[in-house]
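There are 2 protein chains.
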Amino acid sequence: MNPINRYVQIVLVETSHPGNIGSVARAMKNMGLANLALINPKKFPHQDATALAGNAQDVLDNVNIFSSIQEAIKSSKMIYATSARDRTIEWPTLTANEAASEIQELVSNEIEVSILFGREDRGLTNEELQLANKHLIIPAHPDYPVLNIAMSTQVVCYELYQAAQKNFVESWQDFPEYTSEELNNLIEHFNETVKALELVDPKNPKQIMTRMERMFRRLYPDQMEGNFLRGFLKAVNKRIK
Amino acid sequence: MNPINRYVQIVLVETSHPGNIGSVARAMKNMGLANLALINPKKFPHQDATALAGNAQDVLDNVNIFSSIQEAIKSSKMIYATSARDRTIEWPTLTANEAASEIQELVSNEIEVSILFGREDRGLTNEELQLANKHLIIPAHPDYPVLNIAMSTQVVCYELYQAAQKNFVESWQDFPEYTSEELNNLIEHFNETVKALELVDPKNPKQIMTRMERMFRRLYPDQMEGNFLRGFLKAVNKRIK
Chain A
20 MNPINRYVQI VLVETSHPGN IGSVARAMKN MGLANLALIN PKKFPHQDAT ALAGNAQDVL
80 DNVNIFSSIQ EAIKSSKMIY ATSARDRTIE WPTLTANEAA SEIQELVSNE IEVSILFGRE
140 DRGLTNEELQ LANKHLIIPA HPDYPVLNIA MSTQVVCYEL YQAAQKNFVE SWQDFPEYTS
200 EELNNLIEHF NETVKALELV DPKNPKQIMT RMERMFRRLY PDQMEGNFLR GFLKAVNKRI
260 K
Chain B
20 MNPINRYVQI VLVETSHPGN IGSVARAMKN MGLANLALIN PKKFPHQDAT ALAGNAQDVL
80 DNVNIFSSIQ EAIKSSKMIY ATSARDRTIE WPTLTANEAA SEIQELVSNE IEVSILFGRE
140 DRGLTNEELQ LANKHLIIPA HPDYPVLNIA MSTQVVCYEL YQAAQKNFVE SWQDFPEYTS
200 EELNNLIEHF NETVKALELV DPKNPKQIMT RMERMFRRLY PDQMEGNFLR GFLKAVNKRI
260 K
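Top to bottom, those sequences are chains A and B. Quick note: the first sequence uses this note's numbering, first residue 20, plus one each step. Quick note: the second sequence uses this note's numbering, first residue 20, plus one each step.
You may find that some hints are simply not true.
Since the list gives no way to pick out one identical chain from another, each pair is judged satisfied if it fits inside one copy or across any two copies.
Derived lysine-lysine pairs resembling DSS-like cross-links, with alpha carbons at most 27 Å apart [claimed, not checked]: (1) LYS253 - LYS214; (2) LYS153 - LYS93; (3) LYS185 - LYS153; (4) LYS62 - LYS93; (5) LYS61 - LYS93; (6) LYS260 - LYS214; (7) LYS257 - LYS214.
Note that these hints are calculated values from the structure, not bench results.
Assemble the whole structure, with the sequences as input and the hints as a guide.
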């Protein structure tokens, strides 16, 4: 069982249409999530919720209903609030994709997370947005950037599931990734070798080496790759001296 | 204007609920898509479609209705069919994320693409699936892997928009990426240098070099980086000989 099932809570704030609650339940179960909290839903339970939940009836059956967001999130250590891009309020903001990676890391450490979704017509209020540690936006076309609430939940749950799968795959790699210290040492070793080979244009040494550093950081090598590159550089330096 | 707007057509096959057509229109416009084709919709136009389209009324207004898939896709050069994972039929299959990268590349070259979505209750028939060049699946939890049709469209359009944004960012890089031929030459140059340095364990030379090749391919270097690495290897070889 992936920890997103256990440690991620989806919170719908004052949803008007019960059909949306059902659609959210299905979107969650499709992506392996189970914990749904409702804050003052207008109509629930309701036949439209049941109809749209499909085979996610168990998610609806286990819904928790609260009269305030504060009550719903009290056991969560990290709160994300979904928000449209054009808010004037300044807050740490992540895309759905970025948030999903972060959340996967949190729940892997058994940290409870809540993700707030606002009303169909006007989202979350500024006061509600300020209950969150971070804001989460779904990149969308500027001509019409406002997704339906169930669609927003689907995209966020999809990204969470993708991140969980990636995490699962990575945990089966046979070599762990280089730590940042090991990566720094590799870059330093490469820079020294470049200098020893007299390769850097003295007119502009900084720019190209900044680019090469950026390249190594993008590479994100594992232990096997990084150690082979270190061995390669060592052998090169032996020939120079 | 990103080419996904112009060259990607979403095709809904025999949709039963007009509300889903409206939701798809909104999901498309949210992600910058505009071309919607309907094959024998049960009810359309319909007030439910209009209600759920929100501000994507223009997408509904410009819908093309056909009586067969063949007619709808005749100007498309690449056809993707969305499919559940458990089909018995063997076909080239991509995830939504993989397909989005591929489609971004196709439409950047002005190649028309159609993506087929099946009926709410039973998807696409085997005959319809065989009209497609490739199948597209949305990774989902095995307990309940079947997404609502509008949700499937949302996820696919979201991935297309993400790929388009990424492409846009990359197109502003100051150096173009290495071509696959240039990358092959770089890898070959590295392999020769490793051999000249007598670095490869004669007991298992293949495995480590396969890993290093995989590393270079993952790196996806640009011209500036690739050329600097070639210059580096050239300088190293000069010292060896």
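Original post:
Is it within a copy, between copies, both, or neither that the alpha carbon of LYS253 lies no farther than 27 Å from that of LYS214?
Top reply: For LYS253 and LYS214, the Cα distance is within 27 Å both inside one copy (14 Å) and across copies (14 Å).
Original post:
When no copy is named, should LYS260 and LYS214 be tagged within, between, both, or neither for a Cα gap of at most 27 Å?
Top reply: Close inside one copy (13 Å) and across copies (20 Å); limit 27 Å.
**OP:** Evaluate LYS257 and LYS214 at a C-alpha cut-off of 27 Å and name the case that applies: within, between, both or neither.
**Re:** both (14 Å within a copy, 15 Å between copies)
**OP:** If the cutoff is 27 Å on CA atoms, where do LYS185 and LYS153 land: within, between, both or neither? Let me know, please.
**Re:** both (23 Å within a copy, 23 Å between copies)
**OP:** With 27 Å as the alpha-carbon cut-off, assign the pair LYS62 and LYS93 to within, between, both or neither.
**Re:** within (24 Å within a copy, 46 Å between copies)
Original post:
At most 27 Å between C-alpha atoms: does LYS61 with LYS93 qualify within a copy, between copies, both, or neither?
Top reply: within (23 Å within a copy, 47 Å between copies)
Subject >> Within, between, both or neither, where LYS153 and LYS93 count as close if Cα-Cα is 27 Å or less >> reply: For LYS153 and LYS93, the Cα distance is within 27 Å only inside one copy (16 Å; across copies 47 Å).
The structure shown violates none of the earlier numbered hints.
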